[in-house]
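**Q** Start from the sequences, fold in the hints, and give me the full structure.
Numbering-wise (the UniProt record's numbering), the sequence shown opens with residue 1 and increments by one.
Keep in mind the hints are simulated off the structure, nothing from the lab. Some hints here could point you the wrong way.
[What the hints assert, rightly or not] Using C-beta positions, here's what the derived DEER-type ranges look like:
hint, residue 1, residue 2, range
1, L120, A62, 17 to 23 angstroms
2, N75, R22, 18 to 24 angstroms
3, G109, Q58, 32 to 38 angstroms
4, A82, A34, 28 to 34 angstroms
5, E123, A63, 18 to 24 angstroms
6, A62, P42, 35 to 41 angstroms
7, G40, A91, 31 to 37 angstroms
8, G40, I125, 21 to 27 angstroms
9, A61, A34, 36 to 42 angstroms
10, T126, G47, 27 to 33 angstroms
11, S49, T19, 27 to 33 angstroms
12, R84, G40, 41 to 47 angstroms
13, G109, A77, 16 to 22 angstroms
14, S87, Q53, 17 to 23 angstroms
Cβ coordinates follow ideal geometry from the N, Cα and C atoms, glycine included.
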Amino acid sequence: MSTPPCTPCGPGGPSPAITVKRGDSIDWHCRVQAGGPGGGLPLDITGWSIACQLRSVQRNAAARLVYAFAPAIVNAAAGQYALRASSAQTAAWPAGRAALDVRYTDATGRVMHTDTVAVLVCEAITR
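**A** Encoded structure:
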């Protein structure tokens with residue numbers, strides 16, 4: 001199972017590339033925190049809505065929706081949620097470059113986005 005840390009959590013954080021092999025199960029555990037990744041306190045996300053979309057990034061083409069995650073709140077008081085995709089779901093993703101970000105809407109209606117994260121979808125060698 002693919003379980004890298006979910007780096008796109010918290011506005012203003014770094015945006016390293018993530019590699020996903022088609023057919024991997026994804027279970028990324030994320031935490032929203034004040035002050036950015038690695039240096040802040042968890043934010044209470046009670047009453048927040050969270051959205052995350054993976055879109056293809058191809059030269060000279062519009063970004064096409066590949067997958068819409070359904071973020072699951074794990075512990076709202078600790079700012080924790082998860083982004084998941086099954087093996088069958090990622091097997092249907094096209095190989096190539098993609099990108100994602102996370103959109104947070106807090107309880108007052110304020111909207112915030114993470115940095116864009118580059119995702120490389122690759123074919124698995126072992127089948």
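**Q** Are the hints correct? Go through all of them and say.
**A** Evaluated hints:
{"no.": "1", "hint": "L120 with A62: 17 to 23 angstroms", "in the structure": "19 angstroms, holds"}
{"no.": "2", "hint": "N75 with R22: 18 to 24 angstroms", "in the structure": "31 angstroms, violated"}
{"no.": "3", "hint": "G109 with Q58: 32 to 38 angstroms", "in the structure": "34 angstroms, holds"}
{"no.": "4", "hint": "A82 with A34: 28 to 34 angstroms", "in the structure": "20 angstroms, violated"}
{"no.": "5", "hint": "E123 with A63: 18 to 24 angstroms", "in the structure": "21 angstroms, holds"}
{"no.": "6", "hint": "A62 with P42: 35 to 41 angstroms", "in the structure": "36 angstroms, holds"}
{"no.": "7", "hint": "G40 with A91: 31 to 37 angstroms", "in the structure": "36 angstroms, holds"}
{"no.": "8", "hint": "G40 with I125: 21 to 27 angstroms", "in the structure": "38 angstroms, violated"}
{"no.": "9", "hint": "A61 with A34: 36 to 42 angstroms", "in the structure": "37 angstroms, holds"}
{"no.": "10", "hint": "T126 with G47: 27 to 33 angstroms", "in the structure": "44 angstroms, violated"}
{"no.": "11", "hint": "S49 with T19: 27 to 33 angstroms", "in the structure": "28 angstroms, holds"}
{"no.": "12", "hint": "R84 with G40: 41 to 47 angstroms", "in the structure": "24 angstroms, violated"}
{"no.": "13", "hint": "G109 with A77: 16 to 22 angstroms", "in the structure": "20 angstroms, holds"}
{"no.": "14", "hint": "S87 with Q53: 17 to 23 angstroms", "in the structure": "20 angstroms, holds"}
In summary, the structure is inconsistent with hints 2, 4, 8, 10, 12 from the numbered list given earlier, while agreeing with the others.
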